[in-house]
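Asker: For the sequence shown, full-length UniProt numbering assigns the number 1 to the initial residue and increments by one for each residue that follows.
FYI, nobody ran anything at the bench for these hints, they're computed from the structure.
Do not rely on the hints blindly, as some may be mistaken.
Mimicking DSSO-like on lysine-lysine, the simulated pairs with C-alpha atoms at most 30 Å apart in a straight line are [said to hold, decoys possible]:
1) K48 <-> K13
2) K30 <-> K13
3) K61 <-> K48
4) K5 <-> K61
5) K55 <-> K83
6) K55 <-> K20
7) K55 <-> K13
8) K13 <-> K27
9) K5 <-> K29
10) K27 <-> K5
11) K61 <-> K13
12) K82 <-> K61
13) K22 <-> K48
14) K55 <-> K30
Because the structure is a prediction, the values reported are computed rather than measured.
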Amino acid sequence: DGASKTLNEIGIKQDGTTGKLKIDDDKLKKVLNENTASVRELLVGDGKETGITTKIATEVKGYLADDGIIDSAQDSINATLKKLTKQYLSVSASIDDTVARYTAQFTQLDTMMSKLNNTSTYLSQQFTAMSNS
1 DGASKTLNEI
11 GIKQDGTTGK
21 LKIDDDKLKK
31 VLNENTASVR
41 ELLVGDGKET
51 GITTKIATEV
61 KGYLADDGII
71 DSAQDSINAT
81 LKKLTKQYLS
91 VSASIDDTVA
101 RYTAQFTQLD
111 TMMSKLNNTS
121 TYLSQQFTAM
131 SNS
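Turn these sequences into a full structure, and let the hints steer you where they fit.
Answerer: The following block contains the structure:
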């Protein structure tokens, strides 16, 4: 019937390296001159369900819709970000509490060491005084 079934048949190929579509102008012009209706049918179809551009438009709408793939992915990313932020704040608070506890313990230890040094000095003085008497 002469109808084009693939983009390649009308001169549109995919570059194997970049993935971009490349148009063979001569082949496309030839097919358009020979059978414009078949190219239109391949590309546009009935405008509702068939045709490459119609199918692409339908897919793009699915991606861009409020409840589409992109929106769902964005919601998922935002939920993960909230969860990670919550975990970060929790761990950060835990670290701050640990640092505060260690600081308090160090201060208590420092105070105790000072008292023990004072006691040691006092006892040394007392032993020295007892030995001298």
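Asker: Does each hint hold? Answer for all of them.
Answerer: Evaluation of the provided hints:
no.	hint	verdict
1	K48 <-> K13	holds, 25 Å
2	K30 <-> K13	holds, 16 Å
3	K61 <-> K48	holds, 13 Å
4	K5 <-> K61	holds, 24 Å
5	K55 <-> K83	violated, 37 Å
6	K55 <-> K20	holds, 18 Å
7	K55 <-> K13	holds, 18 Å
8	K13 <-> K27	holds, 11 Å
9	K5 <-> K29	holds, 16 Å
10	K27 <-> K5	holds, 15 Å
11	K61 <-> K13	holds, 24 Å
12	K82 <-> K61	holds, 28 Å
13	K22 <-> K48	holds, 26 Å
14	K55 <-> K30	holds, 25 Å
Going through the hint list in order, the structure does not satisfy hint 5, though it satisfies all others.
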